[in-house]
Amino acid sequence: MKPSSFDYVRPNTLQEALELLADGTEDSKVISGGQSLVPMMNFRLARPARLVDIGRLSELEVIRTVDDRVHVGARVRHVQLQNTPLGGPLGSLLRRSAALVGHLPIRTRGTFGGSLAHSDAASEWCLLTRLLDAEITVRSIRGERVIPAAEFFVSVFTTAMEPDELLTSVALPVLPDDHRTGIAEFARRAGDFAIVAVLGDVTVSDGTVTAARIAIGGVDDKPFRSAAAEKALLGGTFGLDLLQSAAEAAADEVDPPSDAHGDAVYRRDLVRALLPRALAAGAAA
Amino acid sequence: MTATVPLRLLVNGERHDISVEPRRTLADALREDCQLTGTHLGCEHGVCGACTVLLDGQPARACLIFAVQCEGVSIRTVEGLSADDENLHPVQQAFWDHHGLQCGFCTPGFLMLAAGTLEEDPERSDEELRDILSSNLCRCTGYQNILAATRAAAAQMRP
Amino acid sequence: MTPRTATTAPADLSAPTSPPAEPPTWTGQPVRRVEDPAILRGWGTFVGDVAARDATCLYAAFVRSPVAAGRIRSITAPPGVRLITATDLAGVRPIAPELKRPDYVRVEMPVLATDVVRFVGEPVALVLAESAALAEDALDSVAVDIEPTPAVLDAAAAVRPDSPLVHDAAFPGDPNTTVDARLTTPGFDAALQSAATVVELEVSCGRQSAMPMEARASHAAVDRGTGRVTLHTATQMPHVVRTGICDCLDLDEDLFRVVAPDVGGAFGAKMSLAREDVALVFLARRLRRNIAWIETREENFLAAWHSREQRYQLTAAFTEDGVLTALGADIVADVGAYSCYPVTFGVEPLMAFAELPGPYTIAEYSVRSRAVLSNKCPIAPYRGVSRPVQTLATERIMDVAARRLGLDPVTIRQRNLVATFPHTTPTGLVLDQASHQEALVEAARQVDLPGFRERQAAARAEGRWLGIGFSCFAERTGYGTPAFAARSMAITPGYERVNMSMDPSGGVVLRIGASPHGQGLRTSLAQLVADKLGLRPEEIRVVHGDTDATPYGWGSFGSRAMVIAGGASSRAADTLRQRLIDIAADQLECAPEDVDLREGQATVRGTGIGRPIKQLARLAHHNSHLLPAGELPSLEVSATYDPGGTFSNACHVAEVEVDELTGAVQITRFLVVEDAGLLVNPAIVDGQVHGGVVQGIANALYEELLYDDRGILVTTSLMDYLPPTLAETPDIEIIHLASVSDATLTGAKGVGEGGTIGAPAAVLNAVSDALSPLGIELTHLPATPSRVRTAIRTAQARLSSEGALR
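The listed protein sequences correspond, in order, to chains A, B and C.
Counting in the numbering used here, the first sequence tops out at residue 285, every number present.
Counting in the numbering used here, the second sequence tops out at residue 444, every number present.
Counting in the numbering used here, the third sequence tops out at residue 1250, every number present.
A portion of the hints provided could be inaccurate.
Unchecked claim - Far from chain A, some chain C residues (derived; all Cβ distances over 10 Å):
(1) A577
(2) T641
(3) D1103
(4) Y1146
(5) S1161
(6) P1229
What the hints assert, rightly or not - Derived, one-sided and incomplete: chain A residues facing chain B with beta-carbon distance under 8 Å:
(7) M1
(8) P3
(9) S4
(10) D7
(11) P11
(12) Q15
(13) F43
(14) D53
(15) A187
(16) A190
(17) F193
No lab work stands behind these hints, which were simulated from the structure alone.
The structure presented is a predicted model; accordingly, all values stated were derived computationally and were not measured.
Glycine is no exception: its CB is placed at the ideal position from the N, C-alpha and C atoms.
Can you make the complete structure from the sequences, with help from the hints?
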């Protein structure tokens, strides 16, 4: 359980980091908190030839609200989000989601951007960015580009980033108070990766759902947005009956994988169980 | 073999000038290079928590961080928990008083987890304590006395 | 079985002195453990620490088979890699444990696989390098070419005539069947025919890992001058490891020393000889180099012994009143590819064979119990050994029968639990005493069964599923040579021996053959001895785990150390006490009967006259000419204890809430009414119960080693194999009863395994009780959420289609 050898560089500035990523070194990998990468390296499932440690890039550790966007720096740690004073339905969703990321000693090290770049389809942050149609900013010496979450996640451990690009920040929309957000996930033990996770964001006006977003993890090789559930919710009267019919629609729509943690039938059952819980529990925002 | 790099670690207030390969985890560097073998390795993939240490006061898995990443970080291990060889830290004392350990292999990790979080905030609720203590695995105690000991330490540490 | 006791001392062998008149000062107190301060400061010494402190040692890493069954074509490595294969170990004997039974098929386990591999993870070679990381680099460079052959992965298929064979051995019975024990009492068929109702049930258990927090670890150090090797190894039985390795290497045991330093948990998984250790010692001697092997967690799952995989086909005959008159069982234990040394792969099936009737008065019994080979990791003992599944069998039968007969779970058990003692079971075991009825009644009173039924009904009306489950069992503990001899073990463990000495300063050293690894035995034994000698526990130093420093012994396993090593220590302390009293009486010119040892003084009862014990110790060593005539100038005694064994018992109760939609089970209450006899250290006893129960809950709901259809283990990390955390653990309530057994010297009965034995059945009974409106009876361990959900989904579909038909 000792990793393969690698070279290690720790740039002091963002520019230096981008230059390193562009220097043509084969199998170069960015390490941020390392909480997903290092276990894989210890198992030798990942064998990068070089690690670029972005731990000194403190400009990436900032959460900043500008107009109707909250910009979360790539190196913001999970524990920072768990304790964020941010108000409203977004703040609530961030805190609840962060509390479900691993355990405290993981949350003190692991980072928001690292989790997205790792692209695990059941990860809370991948789901949350997909749910809220976040905009993900990546930079290279070639310049900066913004990738919509819908395009960012390509597959398990695969994103739309090029090898020379570094994820720098993520723009999340500030959610007005008429949004109800929530998360429900099912894991065998506290802190484990969810077998299925459901995040929801619905806008309710006079009891009627006027906008709905549902993201589901553990049912696809990337964070899944359930068009069927969103359609079922839209225009309906918000309540348990509506949530249950949306859950049925989502369960019919998904085509989940089967593995030792649960087969496809069971994962569909979990979608049925969790979707109403995600939003019923979050009803108070 | 990749060349080793010189490194200065600050552990329990003492400087350790060592030379390690970049792939050396902090846990291995503590155990092998600093000869601080109180930090144990139970899984080396971040689940069991036996290797939990404090980095700048916060609990972290020493198997999931490389020693080279820890320059300039204040590292605290179980050997640095009590102020001296005569007295025990309140968490150590409580684990002794409440039979919070059996084989003792997971114990350093639990001590660091409990000490780190209680030093930050001894007023934590019972629910928070349960959540925090569920970060690590113990195979002997069934957790009952680990929880009891941590509650007792918290009471002791409150102002 | 008569307890066998003996002491060897110059004085009278047979007579223990009268015990101290007053109540004991230390025994029965929750004394803080002497083991703890060093560990709390990070100053313990585990095997990995020995390696970390040895800058010169080489590290071994084992090349393991990636296929379940096959023939090795070649194993190669690039130049410069120090590769060791079976060829390099020529002359090393295989490990071949034995039972002297006609149905036992002996199979050999080579130290490194030769020609044939039999499970994924089997060591086929090893590499040596200057560090653990470099050894893993070397491991990566080794090419293993194995031609796969058909694998045996299912016990039911393994016994069919056309099954491939795991070993080319002559099987007198079915293929791959290495133990086949049978017994039918004469009245069994008649009892079955006259039954009011017959319950037929199949129960089964997946594979579980004992999963000590410290995986296996060994460090072999060579004295370059003499060539003598010292092996520090994480083991429960250092003396047996020494014997096993010396037998493999044809070595006199005095040329080899084994040390078990601090051991990070074991639970049975460190009581079988590791083939890796044999290789390490052989190479350390050959190369005259220190060599360490620190097992990884992945290796521990792959190769460090599994347990529990069993299937029971059960037939239980009941009268109308719910009396269990006959029990039939066809038991198949999937024991993996090899036999564990010393207890063999008979350990699970033969335990089940002998002890299935448990605490119940079952008059007629018919059993067939088999060990069946497969191309999976070998099984070895794990806390509870088979009894968690046995208890699942009997306790599920009780609840299923109760539902059918309209009885409540307490009543049906009351009608069947043994109430008069001694009771001889159909397999000849004698339950000498127990409190089965009392424990059940107390448990039922504590949980208020009628009150629970009301809450359950109210919850059901709200769509919530609550359940309660009882589990009663007998835990055979503290058994010595007679019990192991009955199992026909070629190596027959059982007795324990201790040496005790007092030095000129009055310090006492107790050297034991038992080998604790977290149980706090140093503290408990010190409490016992302190009371006998009038000293404080911290004045008694207990030495264990070093074959150079302790008498030959069997180690710590099978809930035996406090009973057997405790009995021997008690015996030795009695003798030493008498020696001190005789010396004191001579000095004080009084009768020995008038001397008492208390608080470091030998005093004449009823007077203030006395002598410090330290002074007596000094005199015995340095002024021996002043000793009474006939006294030898030493304060050293030895004692052996070899009891027939006794039984602890308990009743566990679990209350659960089942999440209908996810199948998740939450344990809302867990109660243990435990009878382990005298509690030497109540805190330590409770700790044993706590830990055992949580491992039992793990067995019930969380942990399972899973192989895929090619025989590849898929649960090789702690993300896939799931020991519960505190978040999954309920508060555990414990109530103690204390029946006294004449079969133990100290009054203590064993307590190490009970928690794991009772909890799985209690939990599955509770889940089945919760889901009883759906007609669900769960029978497989673990009841994972997906399995529970599947049962609910299936039952609801069945009920709704029945409703549609109606």
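Each hint, compared with the structure:
1. A577: violated (4 Å)
2. T641: holds (35 Å)
3. D1103: It is violated; D1103/C is separated from chain A by about 8 Å at its closest Cβ, not greater than 10 Å.
4. Y1146: violated (7 Å)
5. S1161: At about 7 Å from chain A, S1161/C fails to clear the 10 Å cut-off, so the statement is violated.
6. P1229: violated (7 Å)
7. M1: holds (4 Å)
8. P3: With Cβ-Cβ at 5 Å, under 8 Å, it holds.
9. S4: Given a least distance of 7 Å, the restraint on S4/A holds.
10. D7: Given a least distance of 7 Å, the restraint on D7/A holds.
11. P11: Check failed: Cβ of P11/A comes no nearer than 13 Å to chain B, outside 8 Å.
12. Q15: violated (21 Å)
13. F43: At 7 Å from the nearest chain B Cβ, F43/A passes the 8 Å test, so the hint holds.
14. D53: holds (6 Å)
15. A187: This interface hint is violated because 12 Å lies over the 8 Å limit.
16. A190: Status holds, d = 5 Å.
17. F193: violated (11 Å)
Violation of the numbered hints given earlier is confined to hints 1, 3, 4, 5, 6, 11, 12, 15, 17; the remaining hints are satisfied by the structure.
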